[in-house]
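Chains as they are written, first to last, in the numbering used here: chain A, 1 to 360; chain B, 1001 to 1492.
Misleading hints may appear alongside valid ones.
Cβ-Cβ distance ranges computed for the label pairs, FRET-style [said to hold, decoys possible]: (1) A:300 to B:1280: 53 to 63 angstroms; (2) B:1121 to A:185: 18 to 28 angstroms; (3) A:326 to B:1451: 48 to 58 angstroms; (4) A:326 to B:1121: 20 to 30 angstroms.
If you are wondering where the hints come from, they were derived from the structure by calculation, not from laboratory data.
The beta carbon of each residue, even a glycine, is placed where N, CA and C say it ideally should be.
This is what each chain is made of:
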Amino acid sequence: MDLVTVWFVAIAALWLGFLLLEGFDFGVAMLLPVLGRTPADRSLMLRSIGPVWDGNEVWLVTAIGATFAAFPAWYASWLSASYLLFVLLVVALIGRAVAFEWRHARHSQRWERRWTHVITTGSVVAALGVGAALGGTTLGLPIGADNTRVGGPLAWATWGAALGALAVLAFSLVHGAIFLALKLNGPLRVRALAVARRAALPAAAPLLLWAGITHSRNGTAVGSALLLVAVAAAVTTWSRLRAEREGQAFLAWMGLLAATLGTVFVTAWPVLLPSTLNAAFDLTAQSAAVSAYTLTVMTWVTAFGLPAVLVYQGWTYWVFRQRLNATPDQGAPKLPVAPRSTADRLDIGVVSREAVPHIH
Amino acid sequence: MDVLDLARWQFGITTVYHFLAVPLTIGLGLLVAVMHTAWHRTGDPSWRRQTRFWGRIYLVNFALGVATGLVQELQFGLAWSDYSRFVGDVFGALLAMEALLAFFVESTFLGLWIFGEGRIPRRLHLACIWIAVGASVLSAYFIIAANSWMQHPVGVAVVEGRPVLTDIGAVLTNNTAVSAFAHAFVGSMSVAGAVLVAVGIYHLHRGSADEPVWRRSTRIGAVVTIAAFAGLLFTGDMQGKLLYGQQPMKMSAAEALCETRAPAPFSIFAYGPLGGDCNQVTSWTVPGVLSFLAHGDFTSSVPGVNDLQRQYQREYGTTYPNTPAFGDLAGTPIDYTPMLEVTYWGFRVMIAGGAAAALMGAYALWVTRRGRLPRSRWTVLAAIGAAVAPFGANAAGWIFTEMGRQPFVVVPNPDVPVGERIWFFTAQAVSPGLSVTEVVLSLVAFVAIYAVLAVVEIGLIVRLARRGTELDQQTRGDQDASEDDRQLALAY
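Taking the hints into account, I'd like the entire structure generated from these sequences.
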């Protein structure tokens, strides 16, 4: 496999990784108004993704950065053709990012509600935006012979974009629900399971349709196999949810995304950005790729950097692996409490939520 | 306004705004890590309170830095797609490295630091903030390496008129990058130190509880601003000498030096129309100092802007090529002279801002010597002003260096023979086919949101600052319950 192919696979993997991780962040945020009936509920839901959402979002930055690094013509054409879409996406992400951190910085209910709305809205728009962008680059955009957009500022709003948007939104919603079922205890977990169970099969449909369309345009044996796996994964998710085995359901749901995105990207190769106007205007990998030297440098950097990411991000999930209870406990096993010194014993200037309720 | 002007305003505004938040993240992060280390070493609860007080403010600002950074990753593809296509072999790789090697580390370990107290061993918890801060610094290096490549392209060969990477080591060790990074780093420390001084002086003046926290904040901050200013002068001089060789037009524009002079005087203050006829400008100058800034002696010649304009016309053309890529500017004469008002005053505002912070630092040390408290309200106001100043300095510095490289977006490298030089004009870098509507919409959206976020963030930080350490003063009522409940006010 030559480096150009390797990097196409790498970028597809980065987008997959992003959606597998940030997908449940989006989903949890979307479910805040649905499942989070009290401020305590909502805080609990946000705490379940608290330590990890920021690291998850970096997968997006890396996916985009890698696209620029390996296929700058793809980055250039895709982003400039979908200009307002990406602007909308980044505005949503900006709002969401500050909302996560600023929401708890003041004690007022109104303040918290407002920023909670920003998190939810931002996550919905971001999921739609990422989906629309990916839909565009896989199902086609109106680009001309010089790889620039033909048409006005909204020319990126194609049916393909709409399908992609719906697919990612639906995927994230169920992904978030299953994640909550995995992370929480008590009534919230039960409600999350119910949402996931009811939504799983309908939510899988846009993803399967997306994969089906790309497969029908460029059928391969691998694509067919992946499609079958995808359907099986969707059904498995639903059946595992019914059995209340949310861990297995979570894995199956991730399998659904991997298989459908896999189909989409396998059938896309070697076209990076298909043109809806004329196949002759398609942007192909070979024409968009950087030099072999740059790809080699990037391969070394990634060979070192990406496993490291998996290790320390994985460690974060391990540290915070425990289920959260309705009483705030941060979801990680406590260290054995054996103060070594008086100074240690004094070093517990911590605020207890129950003891001092006016401190948030 | 056409698409080019709008796109330039948009890039300028979003980038400068990003670099208002980022220096505070870098500088304050480092200081919080130091405070956490002191807490860890001494076990003293007042160091814990100090760490958590400043950590809270650090995190409020960190979010804004991340949020505005997202725009940066996308901007090159959005409005500057032809630039992206031209430099793609080099530039994209640097951004991707930043994400993969630095941003991931920073975000992950900061999450561990915020939520991990009591969950991971204390030494590891301390390590987390140091790792996160180290990653922020590394992040800055990659970004500055990318910008420095634009200012001084190295490590590339020209293939079919485009730069192709041949030596990543050269790009990562570009002396432009090393000096610019060092300069930006101490600039960040200046900002952080000044903020510490302002808040510390405020609380000392008010007689707030927890005096040791405020006294330490003030004095640490003060020493940092003074050391940072010394660092700024040193790295600035280093950078300046490089730039006189690499981008002579920029440096002569910084001086608004119209005609070549040997020895060349340094202008401290000038009035009159800087863009026009030099005879109309009155300037207070110090003889020979510009020669020193450029070459390290007091006699060498420094080229004037007019001579450089003629030289660049010979080397890079008198008019823009008459192709669609140049839009409205196709076929028009190229003005190689940057806007002198911006470069001249930008340069001086930058220096003044750093100096103001350092002067306040020195005064703060004096006024708090041997346990004294600041008595006058004016001290507090001065400290606040001196905390705003370095933010202005950082902005002015970047505006100076970016406006000073115009009309180029990739500046020709004079160390390379003329036939092998790479350059790219800003005028040809903009995305073709982009409509005015789109850029107006995005510009308005960014300006509006950034304005709102600035107001909210400043409001939050002021509130948190005025609150002092009361959030961390409460000690647990019930020992057992609190052992089980490590809910931080830092986390949610």
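Going through the hints against the structure:
| no. | hint | result |
| --- | --- | --- |
| 1 | A:300 to B:1280: 53 to 63 angstroms | holds, 57 angstroms |
| 2 | B:1121 to A:185: 18 to 28 angstroms | holds, 26 angstroms |
| 3 | A:326 to B:1451: 48 to 58 angstroms | violated, 39 angstroms |
| 4 | A:326 to B:1121: 20 to 30 angstroms | holds, 28 angstroms |
The structure shown violates just one earlier hint, number 3.
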